[in-house]
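Asker: So you can see what is in the structure, the chains are spelled out below.
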Amino acid sequence: MKKDSFKYFKRSLWAFHINSGSCNACDIEILAALTPRYDAERFGIKLVGTPRHADVLVITGTMTEKIKDKVIRVFNQVPDPKLVMVVGSCGISKGVFQESYAMAGPVDAHIPVDVYVPGCPPRPEAIIYGVARAWEKLEMLEKGNAAS
Amino acid sequence: MNELTVFLIMVISTLIGGIYLGLLGRGIDRKIAAKFQSRIGPPIRQGFWDLKKLMLKQTIVPENSITWVFKGAPLVALVTSAMLLVYIMVPYLLYLTGYESPMFAHMGDFILVIYLLMIPAIALVAGGFSAGSPLSTIGSQREMVVLMATELPLAVTVIAFAVKMSVLAPSMPSFSIFTAASNPVWNGMGPAGILGVILLASAFLFIIPAETGKIPFDQAEAETEIAEGLLAEYSGKYLAFFQLAEALKSLGVVALVVVLFFPQGVSTIMGGQMIAGGINITVPCEIMFFLLKVSVVYSVSISFIRVSMARLKISQVSKFFIYSVSAVSITGFILIMIDPRIMAM
Chain A
-8 MKKDSFKYFK
2 RSLWAFHINS
12 GSCNACDIEI
22 LAALTPRYDA
32 ERFGIKLVGT
42 PRHADVLVIT
52 GTMTEKIKDK
62 VIRVFNQVPD
72 PKLVMVVGSC
82 GISKGVFQES
92 YAMAGPVDAH
102 IPVDVYVPGC
112 PPRPEAIIYG
122 VARAWEKLEM
132 LEKGNAAS
Chain B
324 MNELTVFLIM
334 VISTLIGGIY
344 LGLLGRGIDR
354 KIAAKFQSRI
364 GPPIRQGFWD
374 LKKLMLKQTI
384 VPENSITWVF
394 KGAPLVALVT
404 SAMLLVYIMV
414 PYLLYLTGYE
424 SPMFAHMGDF
434 ILVIYLLMIP
444 AIALVAGGFS
454 AGSPLSTIGS
464 QREMVVLMAT
474 ELPLAVTVIA
484 FAVKMSVLAP
494 SMPSFSIFTA
504 ASNPVWNGMG
514 PAGILGVILL
524 ASAFLFIIPA
534 ETGKIPFDQA
544 EAETEIAEGL
554 LAEYSGKYLA
564 FFQLAEALKS
574 LGVVALVVVL
584 FFPQGVSTIM
594 GGQMIAGGIN
604 ITVPCEIMFF
614 LLKVSVVYSV
624 SISFIRVSMA
634 RLKISQVSKF
644 FIYSVSAVSI
654 TGFILIMIDP
664 RIMAM
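Taken in sequence, the protein lines are chains A and B.
According to my numbering, the stretch in the first sequence is residues -8 to 139, in order.
According to my numbering, the stretch in the second sequence is residues 324 to 668, in order.
Treat the hints loosely; a few may be bogus.
[Claimed, not checked] Derived lysine to aspartate or glutamate pairs resembling DMTMM-like cross-links, with alpha carbons at most 20 Å apart:
#  : chain 1 : residue 1 : chain 2 : residue 2
1  : A       : Lys37     : B       : Glu548
2  : A       : Lys59     : A       : Asp30
3  : B       : Lys358    : A       : Asp30
4  : A       : Lys128    : A       : Asp105
5  : A       : Lys57     : A       : Asp30
6  : A       : Lys128    : A       : Glu90
7  : A       : Lys59     : A       : Asp105
8  : A       : Lys61     : A       : Asp18
9  : B       : Lys642    : B       : Glu474
10 : A       : Lys57     : A       : Asp105
11 : A       : Lys85     : A       : Glu127
12 : B       : Lys560    : B       : Glu386
13 : A       : Lys61     : B       : Glu386
14 : A       : Lys128    : A       : Glu116
15 : B       : Lys375    : A       : Asp71
16 : B       : Lys560    : B       : Glu474
17 : B       : Lys560    : A       : Asp71
18 : A       : Lys57     : A       : Asp71
19 : B       : Lys636    : B       : Glu474
20 : B       : Lys394    : A       : Asp71
21 : B       : Lys375    : A       : Asp18
22 : A       : Lys37     : B       : Glu546
Worth flagging that the hints you see were computed from the coordinates, not collected in a lab.
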């Protein structure tokens, strides 16, 4: 990964949103983060329509068995350097679907995750704060201190 | 100065200024759109940061694409967009600076401008078809529909201008941008002719967003519908090239509208040279005034229409251009044609 481009992620971060079996509550909160009240675009954050343009993959919902392969495929389609952000309790720990046979486990069991945003659903402020934490992580990576 | 030196200076300054202003224009456009939606919006320099980030990202070429078309299309789009901008701007700059020479009298042919407008779109279409993704194929087909639908009103406008120029300045080449810039189309017009020019200008109000692929005519790149359409497979530096090409092309189309409809410079309006403190500042004033006109046309035809309308369906676009906009521009053309006869009566 080129460390240089992390610098520009702080100015311009394009997000691609995947629903890996969410109940839509987190999706609505992500959209709320883009509305005039919270206006994530003022930080250069933009939702894009294809993984090829994305810098950060925003995954909502617990990973179902059916969608697991697709999420991994989309993750591989995102050009490097990339970040993964999991929004909502389900994607972090399976949430209320703990004992379901249809779940393939939390998202980080399958793809590397950089930022977790807990909540059911998290508030838009929390999602924007999660992006800010992603930037902090990038700063640490820039300094060569990846242990965080 | 040598003619060739003047020409080279103008081309290079147009290219550098065009890239800078094109990216700045994108930032201003996003800022204005955000203000309309009562948001704060991204900083004006956002376009530069997006482009730098894209240049540093990994560039993926899909396995099942036709590699040379996929890689060549962004370059073709970028080069032809730059050419379009230079081709429109250099004759106008010559007019603004008052530099006259027989070598430049025929510069800037409208018909070539129409074809140059098509080439970046065709490069996009070729890139979309070669990407080997069904989404970008749909995007390419839609882009071709928009391209063909806007062709007729564009051609009618250009012919109307050539007809008017042949009356206004019989000694100069009728299809030249230099002629259109030095003889504003509003000169010597009766009421019918002025109405005709207004109709042509209102047709252009919708041709600009269609040519530059902005809402309501962004069916080819509809991000929520077909995943950015013909750009779906492009990433990294090829995407950056396409974005730069689009920025240059938007600036070029807006500059074309300014040159065609509002070519009057400061010295024409104020009636003489501008002198401040013993220094002749006419040329800087002219360029500032031109940029002001460009930003007004840009924000009305791109930003304002973009925020006030939703994306149309592709069938509605072809109907809109082939029936309504063509009818409006043909009416404008006929009014300009019959204007001298009405005046003579």
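Asker: Against this structure, judge whether each hint is valid.
Answerer: How the hints compare with the structure:
Using a Cα cut-off of 20 Å, the hinted pair Lys37 of chain A and Glu548 of chain B holds, with the two alpha carbons roughly 16 Å apart. The hinted pair formed by Lys59 of chain A and Asp30 of chain A fails the criterion: a straight-line CA distance of about 31 Å is larger than 20 Å. Between Lys358 of chain B and Asp30 of chain A the CA atoms are separated by roughly 11 Å; this keeps the pair inside 20 Å, and the hint holds. For a cut-off of 20 Å, the pair hint linking Lys128 of chain A to Asp105 of chain A stands: about 8 Å separates their Cα positions.
Distance restraint check for Lys57 of chain A and Asp30 of chain A: the Cα-Cα separation of roughly 34 Å exceeds the 20 Å cut-off, and the hinted pair is therefore not satisfied. About 33 Å separates the Cα atoms of Lys128 of chain A and Glu90 of chain A, which puts this hinted pair outside 20 Å; it is violated. The straight-line distance between the Cα atoms of Lys59 of chain A and Asp105 of chain A is roughly 18 Å, inside the 20 Å bound, and the hint therefore holds. About 18 Å separates the Cα atoms of Lys61 of chain A and Asp18 of chain A, which keeps this hinted pair within 20 Å; it holds.
With a C-alpha separation of about 13 Å, the suggested pair Lys642 of chain B and Glu474 of chain B falls inside the 20 Å cut-off, and the hint holds. Between the alpha carbons of Lys57 of chain A and Asp105 of chain A the distance comes to roughly 23 Å, so the proposed pair goes past 20 Å and is violated. Distance check on the hinted pair: Lys85 of chain A and Glu127 of chain A sit about 26 Å apart at the alpha-carbon level, beyond 20 Å; violated. Restraint check for Lys560 of chain B and Glu386 of chain B: satisfied, since their Cα atoms lie roughly 17 Å apart, inside the 20 Å limit.
A threshold of 20 Å between alpha carbons decides the hint, and for Lys61 of chain A with Glu386 of chain B the separation of about 18 Å falls inside it, so the pair holds. The hinted pair formed by Lys128 of chain A and Glu116 of chain A meets the criterion: a straight-line CA distance of about 18 Å does not exceed 20 Å. With a C-alpha separation of about 15 Å, the suggested pairing of Lys375 of chain B with Asp71 of chain A holds against the 20 Å cut-off. Restraint check: the Cα-Cα separation between Lys560 of chain B and Glu474 of chain B comes to about 30 Å, which exceeds 20 Å; the hinted pair is violated.
Of the supplied pair hints, the one linking Lys560 of chain B and Asp71 of chain A holds, its CA atoms being roughly 12 Å apart against a limit of 20 Å. Taking the CA atoms of Lys57 of chain A and Asp71 of chain A, the gap is about 26 Å. The hint is violated against a cut of 20 Å. For the given pair, Lys636 of chain B sits about 19 Å from Glu474 of chain B by alpha-carbon distance, which is consistent with the 20 Å threshold. Proximity of Lys394 of chain B to Asp71 of chain A is assessed by CA-CA distance (about 19 Å); at most 20 Å being required, the pair is judged to hold.
Restraint check for Lys375 of chain B and Asp18 of chain A: the C-alpha separation of about 29 Å exceeds 20 Å, so the hint is violated. For the given pair, Lys37 of chain A sits about 12 Å from Glu546 of chain B by alpha-carbon distance, which is consistent with the 20 Å threshold.
Violated hints for the displayed structure, listed by number in ascending order: 2, 5, 6, 10, 11, 16, 18 and 21.
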